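Going line by line, the protein sequences match chains A and B. Okay, so the first sequence: first residue is 1 according to our numbering, each after it adds one. Okay, so the second sequence: first residue is 447 according to our numbering, each after it adds one.
Because the hints were derived from the structure by calculation, they are not lab data. In this text, all values refer to a predicted model and were calculated from it rather than measured experimentally. Note that beta-carbon positions come from the ideal geometry of N, C-alpha and C, so glycine has one too.
Quick partial rundown of chain A residues pointing at chain B, CB under 10 Å, derived from the structure:
#1 H111
#2 F112
#3 C114
#4 M116
#5 L120
#6 Y163
#7 E169
#8 R170
#9 K320
#10 H348
#11 Y357
#12 V365
Chain by chain, the residues:
Number of protein chains: 2
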Amino acid sequence: MRSFTGIDAEYEKPESPDLVIKTVDRSVDECVQQVVEMLMEHGILPRSFSESVLELFVPENQLSSVKEEAELLPKLQISTLDLQWLQILSEGWATPLTGFMREKQYLQVMHFGCLMEGGLFNQSIPIVLPVTTEDKERLKSNNGIALVHDGTIYAILRDPEFYEHRKEERCCRQFGICNLGHPYQKMIWDSGDWLVGGDLQVLKRICWNDGMDHYRLTPNELKAKFREIGADAIFVFQLRNPIHNGHALLMQDTQKQLVERGYRKPVLLLHPLGGWTKEDDVPLDVRMEQHKAVLEDGILDPNTTIVAIFPSPMMYAGPKEVQWHAKARMSTGAHFYIVGRDPAGMPHPDSPKQDLYDPTHGAKVLTMAPGLTQLEIIPFRVAAYDRKNQCMAFFNPKRKEDFDFISGTSMRGLARSGQDPPDGFMGPKAWQVLASYYKSLPTSSQ
Amino acid sequence: MRSFTGIDAEYEKPESPDLVIKTVDRSVDECVQQVVEMLMEHGILPRSFSESVLELFVPENQLSSVKEEAELLPKLQISTLDLQWLQILSEGWATPLTGFMREKQYLQVMHFGCLMEGGLFNQSIPIVLPVTTEDKERLKSNNGIALVHDGTIYAILRDPEFYEHRKEERCCRQFGICNLGHPYQKMIWDSGDWLVGGDLQVLKRICWNDGMDHYRLTPNELKAKFREIGADAIFVFQLRNPIHNGHALLMQDTQKQLVERGYRKPVLLLHPLGGWTKEDDVPLDVRMEQHKAVLEDGILDPNTTIVAIFPSPMMYAGPKEVQWHAKARMSTGAHFYIVGRDPAGMPHPDSPKQDLYDPTHGAKVLTMAPGLTQLEIIPFRVAAYDRKNQCMAFFNPKRKEDFDFISGTSMRGLARSGQDPPDGFMGPKAWQVLASYYKSLPTSSQ
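Assemble the whole structure, with the sequences as input and the hints as a guide.
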C-alpha cells in the first residue's frame with residue numbers, strides 16, 4: 001500500500017481534533033469506549049441498548065381511549081408478585097421486553113440466558129405471568145385482557161399467548177434445584193398451571209403508597225438524576241441487607257479506584273432490592289431507614305450517592321439472578337457493578353448449613369455472561385472486623401487471628417441483649433435503627 | 447457519491463465471472479452461502495468451524511515418547527461411559543473442546559449452552575470426567591494423569607483442574623428434572639463427587655471389538671467419504687430405534703426436496719447413536735443389522751446413503767441433547783438435520799404415560815440455538831400406516847380414520863405371536879431381524 005499515513009506519507013497533526021485520547025494509565029477498552037461514545041454522539045453509531053430504555057406506558061394523549069377500552073375487556077386478577085413484575089416491565093428494567101414473555105422468549109431465556117431477537121440481550125430469568133386453567137379457558141380467545149390488582153386496572157395484555165407452566169422444569173433450569181422448601185419456588189408451585197405472554201400497554205405507574213415511592217425511580221429518572229449531578233461513572237451496589245462498615249469500605253474503595261482511573265465524578269447507585277423477599281430478610285422499610293442513617297452518620301457521601309429502590313422481587317436464584325441484577329442496572333446507564341460472595345444465594349433448603357450455590361459461581365458466570373459486556377464487574381473483597389485497628393477492614397489472611405466475622409445472628413444477639421457492636425462496625429444511628437427492629441421481633445424469629 | 451457503478455457509471459458485465467448466482471427459487475440465505483463458500487475456497491474468508499475438526503490424537507512421531515511418559519504417570523481408572531466420552535472428544539465431535547471440560551467451560555455450557563472462547567460454539571451438554579474424593583486427593587498435585595480402562599492406557603490428561611461435581615444442580619440444569627428414576631441421572635449420582643477437566647493427549651483410537659468398529663467413522667473419515675462419492679449436500683438422520691417405512695419416507699422425501707432445490711447429489715448420513723442407551727432400548731447390534739436389512743430390502747438407496755455409528759452415549763436430555771446431536775454432526779460437514787417429535791425424550795420417570803419434555807420444545811430450541819446456524823433444521827413430519835393405500839404415508843388429519851399408529855409395544859406383540867406387521871410397514875428382511883430380537887427377549891421385558 002502506497003502513501004500510507006504515518007508510514008510513507010506524512011502524518012499531519014490535526015489542528016482541532018474532535019477527540020483526544022489520553023492512553024496513559026487507561027485500558028484499551030476505556031479508550032475504545034471513548035471513541036464509541038463520540039461516534040454515538042455524532043449519530044454515526046446507533047445508540048446502544050443501554051441508551052434506550054423501553055417503557056411500556058401508554059402515551060398521555062391515548063390514555064383516555066385506552067382506559068375506556070380496558071374497562072370493556074375481560075379481566076384477569078393478578079397477584080402482588082405479578083404487579084411487581086409488571087412494574088419492572090413497565091419501567092423498562094427488562095428492555096427490550098415488550099411484555100410478559102411468550103414461549104419463544106421463555107425458551108431462549110431458559111436455554112441460553114438471553115433474548116435473541118434484534119440482537120443479543122442478557123436475560124437470565126423468566127418474567128412470566130401464571131394463570132389458572134380456569135382463567136386460560138375463559139380468556140383464551142380474546143385479543144386483549146385487562147390486568148387487575150386490588151380493583152384497579154393496571155394494563156392491557158395484547159395478543160395473549162398461553163403455554164404450559166412446566167413448573168418442575170422451570171424450577172430446575174432457573175434455580176438448579178427443585179424444592180418446595182425454596183420460598184420463591186413455593187410461590188411458583190402455588191401459581192397457575194399456564195403462562196400467558198403478550199405485549200403490555202400500561203395505564204399507570206405502579207405505586208405502593210408506603211411512604212417509599214419517592215425512592216422508586218425508573219431507569220430514565222435515574223439517568224436524568226445522574227446527568228443532573230454530573231456523574232461520569234456510575235457504580236452499583238445491589239443489596240437486600242443492612243449496610244455495615246465493611247460494605248461501606250468497599251463502596252468507598254471503588255469510588256477511590258474510579259477517581260484514580262481518571263473519572264471526575266464517580267457516583268454510587270445504592271440500590272436496595274424492594275420487591276418480594278423471604279420472611280427472615282430484614283423488611284424494606286427498616287432497610288431504607290437504616291441506609292438513610294448510614295448517610296446521616298457520614299459513612300457514605302450524600303453528594304456522590306443516589307439511594308433508590310430497585311422494584312424487582314427477589315428470587316434467590318444465585319448465578320442466574322445475579323445476571324438479572326446486573327442487566328437491569330445497565331438500563332440506568334451504569335458501567336460498574338459490584339458483585340458479592342454468593343450473590344442472590346441462600347442456604348440449601350434441605351441442609352441449612354450449606355450454601356445452595358457455589359459462592360464463587362455468581363461472579364464467575366457474571367464475568368462471562370453474553371450481553372453484559374458494557375458492565376465492568378468489580379469483585380467483592382471480604383471485609384471483617386479488625387480488632388487491632390478497631391474498624392472494618394479488608395480481610396488479611398496473614399493476620400487472620402485479628403479478624404472477627406460478625407454474622408446476622410450475632411448482630412441480633414447483641415441487639416436483643418441491649419449491647420452495642422464493636423466500635424467501627426456500623427454507624428451509631430444506623431445501628432439504632434437495626435437494633436430496634438431486632439428487638440421488635442417475636443422471640444421465635446430470633 | 448459519484449461514478450457509482452450501475453447508477454451514474456456504466457455496469458460492465460464481466461466476461462468470465464468467478465461466480466454466477468441463480469436467484470430464482472433460492473432463498474437469500476442459500477445465495478449468501480454460495481458467496482461465502484467461494485470466498486472460503488479462495489482463502490479470503492477463514493475456513494469456518496465446521497471445516498476444521500479438532501482431533502486429540504498424539505501425532506505418530508511423538509507417540510512412543512508420550513506412551514513412555516504415560517506409563518510413569520499416576521493412573522486414573524475410567525468407566526466404559528467415560529471411555530465413550532473420551533472417544534467423542536478424541537475424534538473431534540465436540541470441536542473446539544481440547545479435553546474434558548474445565549469449570550469455566552462447564553459453567554458456560556450450563557448457563558448459556560455455548561462455549562465462548564475464540565468464538566461462539568454451540569455446546570449444550572457437559573462432557574465431564576467424574577472422580578471420587580479419594581482419587582482427587584491422590585491425584586490433585588499432578589500435572590499429568592494417565593487415563594486407564596480395562597488395563598489399557600488411553601490418554602494423558604494434562605494440567606488437571608478439579609472442581610465440585612454438583613450433582614443436584616447439574617441434573618436440574620442439564621435435564622430440567624432431578625430424579626433417580628432417570629437412567630442417565632442414576633449414573634451421575636453413582637459417579638464421583640468431583641469433576642476433573644484438562645487437555646487430552648489421546649494415545650490410540652478407541653475401538654470396541656464388537657464387529658461394528660468399521661461403522662464407527664470419525665468426522666474426518668466421514669468428510670473424506672462424502673468427498674469420495676461426490677456429495678454436494680449431506681442430511682443427517684439421528685436415531686436410536688429400528689427404521690420403519692415412515693422414517694424411510696421422510697428420508698426419501700428430504701432427498702427429493704434437496705434435488706428439487708438444485709443439489710446434484712444429496713447424501714443421507716444414517717447415523718444411529720452407538721454409545722450407552724437405557725436397558726429397554728433395542729441394542730446397537732440388532733439395530734445395525736436391521737438398518738443393513740433396510741438397505742438390502744431396497745428401501746433406502748445404498749448409492750446415496752452412508753451408514754455409520756455416532757459413538758456418543760445417550761442422555762435422554764430432550765431439548766438440551768438434541769442440540770448436541772445436531773452440533774456433533776456439523777463436524778462431518780452436514781448442512782441439514784432432520785429433527786423428530788420429542789427428540790432425545792423419554793417418559794417422565796414418575797408418570798410413564800407423560801413425556802418428560804414438551805415434544806415440541808426440541809425442534810423449537812434447535813431452531814433458535816446459537817452456533818447452529820450452519821445447519822438447516824428439517825422438521826419431522828409424522829408418518830403412520832395408511833390402511834387405504836397399504837403403505838406408510840404422511841399423516842393426513844382429513845382422513846385420520848385411515849391411519850394406524852403402530853407403536854413399539856404393538857410391534858413387540860406381533861413379533862411374539864409370530865404375526866407379520868401390515869404390508870408396507872417395514873421391509874421384510876428388516877422385520878425378520880427385529881422379530882427375532884423381540885422373540886429372544888424374556889417375557890418380563892415385553
